[in-house]
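Asks: Dock chain to chain to rebuild the complex, using the hints, since each chain is given by itself in its own frame.
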Amino acid sequence: MRKTRILIVDDSPFSQAVLQKTLPDNAFEICGLAASGMEGIKKYFVLKPDVVIMDITMPDMDGLECSRQILLRDSTARIVILSSMKDDTLTTRARLLGIRWFLQKPATREELVRTIKMAVSRVALEWWSAYQEQLQLSFEEYIKTSLATEACTFSTSTVPPDPLESQGICAIIGITGSHSGRVILDATHQTAAKFAETLLDRAASPDDALAGMAEIANVVCGRGISRANRIAKGMDLRITPASLLEGKKLAISNLPNHHVLSVTAETPIGSFLLSMEMLEE
Amino acid sequence: MDARFINPVIDAFREILPQLGFADIQRGKLSMGSNSVESLGVTVIIGMTKDLRGSVAYNMSEATAMTIASTMMGGMPVAQFDELPQSAISELVNMVTANSAIRFEQMGMQVDISPPSLVVGSDFRARLLQEKFLVIEMLADGNLIQLNLGLESTQAN
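Chains as they are written, first to last, in this note's numbering: chain A, 1 to 281; chain P, 1001 to 1157.
Isolated chain P, as found in the complex (with noise of 0.2 Å):
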């Protein structure tokens, strides 16, 4: 898993998150995941391809979910995660994504993105495309949502 594509997710991220009413992004712990993502309760999936290929899972808790989608909706109370604060978490994803894909287009690799995925439930794990994948933590406004990042180039080196 090559460093290089960090920069571009958390950039995407600091930069996306401000405008759907958040204030304060941190980023937590960066560290190495195997094998497979255990989900919080909400797991998007968003797939690339082109001169980078695999996918992007967004983990985070319903709690947390529901949180951001009300911030989002300008402080609206979502008190139960249905197809409204759903719809909000995958616009974020995909928000997030295609500006991270930008970015990385910027750095000469062009991307294509799959709408995303999302996915709700207990109990569940999702498998990247590779053994070894990036995490990254990211806060918003204290709301925890991890990145986890199995993609790898398709450019020759």
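Just chain A, same shape as in the assembly (with noise of 0.2 Å):
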């Protein structure tokens, strides 16, 4: 199998040399080097790489200026910001751009090869965009709604655990069709208790606690897919029923070959986790 072909812009010679050293491998090879901007754009047309590692701060422009010329010219360039500022600010430009990969350094090795992966899968990318997005974007509005509050958090990670250790509770739903996956939701016995509590304004019982996450795994996915299915041409998800696990110890295997992302709620009655898995073709 031909090897993953990776440039590197970045003006620190230690970046370049850590990459240089943990990457390449059977899979991964470094098939050029950029100090500046400029040299980025020019080695990107020469070397056509699969697959660019961008820094943000460089002397002559930053890296989501060059990652803007670059994708002017190749709007099919899959690019990876690394960069050691990550703000808000930073990740909405480059959204903007097109460019959904962007890692904090220092990046582990996992989180590197599992986002080049990502990166040049053969899951459109539109696709996989617009299946987490509008799944992380229902997920945030039903929690926030449900609970009456702002006073959530949500963070993200393409580097979940494997297995999914389960808190207590949780809800899998398959989706199918065009690509297939599933999401799954899980809480402890205690937060999914307390939502339901709220949602029906009494105490409730472990009946209850169980029928509360079905409820929120149903309702973030079903308006999550059906947006996604709006907005990617050609996506046709659907998905299936909740399935519910409940117990003292259980752990779920990740699906071979997928992209995944997980959100945590932090939420006043406790945290929710939210895992995406998209197989690839």
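Any given hint could be a false lead.
[To be verified] If you anchor each label on the Cβ, the simulated ranges turn out as follows:
| no. | chain 1 | residue 1 | chain 2 | residue 2 | range |
| --- | --- | --- | --- | --- | --- |
| 1 | P | D1123 | A | T22 | 21 to 31 Å |
| 2 | A | K42 | P | S1122 | 53 to 63 Å |
| 3 | A | P268 | P | D1051 | 40 to 50 Å |
Calculated from the structure, these hints are not laboratory results. Just so it is clear, CB atoms sit at the ideal spot from N, CA and C, and this is done for glycine as well.
Replies: Put into structure tokens, the structure is as follows:
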């Protein structure tokens, strides 16, 4: 199998050296190094790499401007931002340019490999993006609205634990159609019970707690997937009913060859984890 | 729960398991389960949608899962139920369910299946779509795999 060719655009010789040392293996090779934005653009169009690892702070132009100039001439360019700076403004600027992958230094090899694999994957980028963005949005909206509070924080990870050790209760929804995957919602018994209590406005039984988790998963997936289907052309995803698992000790294995994003919601009643996966073709 | 859903799943099991190296396939007890499926240690859940919706939970002990995975891998010893045997079991579930889906389609019911979710643990249970579900025990060379069918038709009768 052909190796994935990577161009590194980073003005730090140290960062370049670290990536050169950690990344190459039988799946990846570094095909070029650039120490400035201008050099990065030139080398991109000469070397035609499969993926670019792009720093942000560089002497002549920042990495987002460099990415913009590359994407202007090649909208299919796969760019992974790897920067010590990562805040909402930067990630929003990157997203608006069409860059989906943003890692903060120092990133582990595992994070880098997983992200590069996703960036060059055969799943159409716009499908995966629509899927994860709409599910995430739907999850955030639903949690905030149901709990009637803005006091919730959400964080994401593209390297979730494998296997996923449940906190106590989880709902699994299968995704079928043009692509297949699954969504897992996980929480403790206590958090699930508190959620049910909030919705029902009375004391919740263990069955209510389970039903509440199924409700969150169904609504979040139903709304998120319908919106993703409208946004991404040709995407026609469907959801299966939720299966619920609960117990003292249970771990769910990751799917093979899949894209994954997990979102953790920290709320006043406890935390919820939403893990979304989509299989590669 | 419709009894029409039983035979396609049993027939799929009977067709697929011999291809994976099992010589003797028997059907064990058939019963109705209620409330939840108590895991035997390894439970694989696979969802269905379109004309049939719900899920099937394949339930077995970890020792059985290791024996089955070993047979599927040509007798390779399996000392631990780690990534490789887990992927073998997921593949078995995928193959049996996909074959059942083809049989449902031949009966006029289109079915899409989700990727299987393999769950390992102790003292846990699964809830399927309905309170009542069908439990079919199948034996592959004496190894018990319990199939729990929580399915409903979305077609108008």
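Asks: Run every hint past the structure and note whether it holds.
Replies: Tested hints:
1. A C-beta distance of roughly 41 Å is found between P/D1123 and A/T22, which places it outside the suggested range of 21 to 31 Å.
2. Range check, A/K42 to P/S1122: Cβ separation about 59 Å, and the 53 to 63 Å hint holds.
3. Remark: the range hint 40 to 50 Å for A/P268 to P/D1051 is upheld by a beta-carbon distance near 42 Å.
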